[in-house]
Amino acid sequence: MEDVKISYTESLISWKRPDLRVGVPVTVKYPLVPTEKPPEYRGKPHIDPNVCIGCGACVRACPADALTAEWDLENGLKSIVSNPARCIRCGRCEEACPTGAMKLTLEFELATPNKEDLVEVVEHHLTKCKKCGDYTEFTERQVEKAFQILPKEIVDANALGEKMQLCRECRMEESVKILAAQGRIIGDPLLLPPQHAKGGEK
Amino acid sequence: MGKAALKSVWVFHVDSGSCNGCDIEVLDMLTPYYDPERFGIKLVGTPRHADALLVTGPMTRQCRRGVQKVYEAMPPKPRIVVAVGSCASSGGIFYDGYPIYRSKDRFGRDRLRSGGVEEVLPVDMYIPGCPPSPEAILFGVAQLLGLKEKKMKGEYYTDKETEFKLPQYPIEERIRLSLRESLKKVIGYFDRDRVLEDFMEIAGEANRAENPKEKLHALVTGYFLQEKDSRLKFSMKFLENEYWRLKDDYENKYVALVETHVQ
Numbered sequence: 001m002e003d004v005k006i007s008y009t010e011s012l013i014s015w016k017r018p019d020l021r022v023g024v025p026v027t028v029k030y031p032l033v034p035t036e037k038p039p040e041y042r043g044k045p046h047i048d049p050n051v052c053i054g055c056g057a058c059v060r061a062c063p064a065d066a067l068t069a070e071w072d073l074e075n076g077l078k079s080i081v082s083n084p085a086r087c088i089r090c091g092r093c094e095e096a097c098p099t100g101a102m103k104l105t106l107e108f109e110l111a112t113p114n115k116e117d118l119v120e121v122v123e124h125h126l127t128k129c130k131k132c133g134d135y136t137e138f139t140e141r142q143v144e145k146a147f148q149i150l151p152k153e154i155v156d157a158n159a160l161g162e163k164m165q166l167c168r169e170c171r172m173e174e175s176v177k178i179l180a181a182q183g184r185i186i187g188d189p190l191l192l193p194p195q196h197a198k199g200g201e202k
Numbered sequence: 001m002g003k004a005a006l007k008s009v010w011v012f013h014v015d016s017g018s019c020n021g022c023d024i025e026v027l028d029m030l031t032p033y034y035d036p037e038r039f040g041i042k043l044v045g046t047p048r049h050a051d052a053l054l055v056t057g058p059m060t061r062q063c064r065r066g067v068q069k070v071y072e073a074m075p076p077k078p079r080i081v082v083a084v085g086s087c088a089s090s091g092g093i094f095y096d097g098y099p100i101y102r103s104k105d106r107f108g109r110d111r112l113r114s115g116g117v118e119e120v121l122p123v124d125m126y127i128p129g130c131p132p133s134p135e136a137i138l139f140g141v142a143q144l145l146g147l148k149e150k151k152m153k154g155e156y157y158t159d160k161e162t163e164f165k166l167p168q169y170p171i172e173e174r175i176r177l178s179l180r181e182s183l184k185k186v187i188g189y190f191d192r193d194r195v196l197e198d199f200m201e202i203a204g205e206a207n208r209a210e211n212p213k214e215k216l217h218a219l220v221t222g223y224f225l226q227e228k229d230s231r232l233k234f235s236m237k238f239l240e241n242e243y244w245r246l247k248d249d250y251e252n253k254y255v256a257l258v259e260t261h262v263q
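Line order of the protein sequences matches chains A and B. Under my numbering, the residue at position 130 of the first sequence is numbered 130, and the numbers go up by one with no gaps. Under my numbering, the residue at position 23 of the second sequence is numbered 23, and the numbers go up by one with no gaps.
What the hints contain is simulated information worked out from the structure, not anything from laboratory work. From a predicted model like this one, the values you see are computed outputs, not experimental measurements. Quick reminder that beta carbons are idealized off the backbone N, C-alpha and C, glycines included.
Short, incomplete list of chain B residues facing chain A, as computed with Cβ under 10 Å: (1) 96; (2) 124; (3) 144; (4) 155; (5) 167; (6) 173; (7) 226.
Build the full structure now, drawing on both the sequences and the hints.
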């Protein structure tokens, strides 16, 4: 990376394209001499594991299903798997990513005899519900990101700090209890909290 | 490579249902600008003279028998098959389509599920890309000839081993995400991140001043006069208005909402 920061318009013209009018060597010496691609080239997608929160926005956006989410609910794992062998370089994952973890690199030398060489896996741990101990459907990093987005006043007013650590069913029970205590629910059996099934029943 | 050492490879090009994007890149690779003939690579008109088969496109049901016949017509040695493009490697965007030939039924979004040439023929080299650039195809062919070594390795990360650090920005995250979304309609998604970076720098400087609204207006006007690109000028003005709209909206609406909620 460069130390000097240049403006956006300057950076677009900074890459030296060969001037075909002046004259270029007739044949490029590519496989013997390395080359590089222009800055707007769309190469192999890469997930930055330090920034990825495992939300799966890229998985939803990918039209070719080159990105998939693999769930392991018994061990509490969710992994984002990228398979560039099926990627069509549309860049919609980059567009959807809320943290900027997904980027199309300039890498183009992908040829390989084995497709497993291309696969990229980022594994995330799911949060455990503090009340019932089951795994929730969101990762630990997703909770941190949610606190970054939400304004503090709203988090404090709704006591989201504790609610965020619960699974969906426990959260529903909690909010029904609060509403009943406030007197907003009066004697409607349909809205009373259901018996929460614990253990392996899913 | 398990196959015999290759010297000059004569190739035959087969289209098994491609959109012609990869075909054009293959033709481009065969021009004197990239000149594969210095490695002995030559396009031939019949599979009976060919050592290698360049297959482009997903394996459609209509083309399956044709591709198999071409493969049988080739001399028994070395019979190399090169899958050019994402479609030939893995089915690409068509992997789930109705005209794609599959050797066996598979269900779900399996990551290695395929609709490519490997359903019919044994593949020696995969060259993914949509389309792969001529250099990328040359790199694959150079690997077959032993001029280059493969670069890719599988990558595996877990969140426990990597260091997690959410990127911090000078403006609030919810406003940044909203601006990013609305900026897509103004300047397109490719350029928006760099433009937003410039704006956030200015906005961070303005927030430190006593009167942020006036300071931001002065800074944006300065940027407006200095910049030559009219797209950037317009999007900067757009961002300024949108930024204050979002901020005032939050203060008017949500703070009042929170107060009633607490009571």
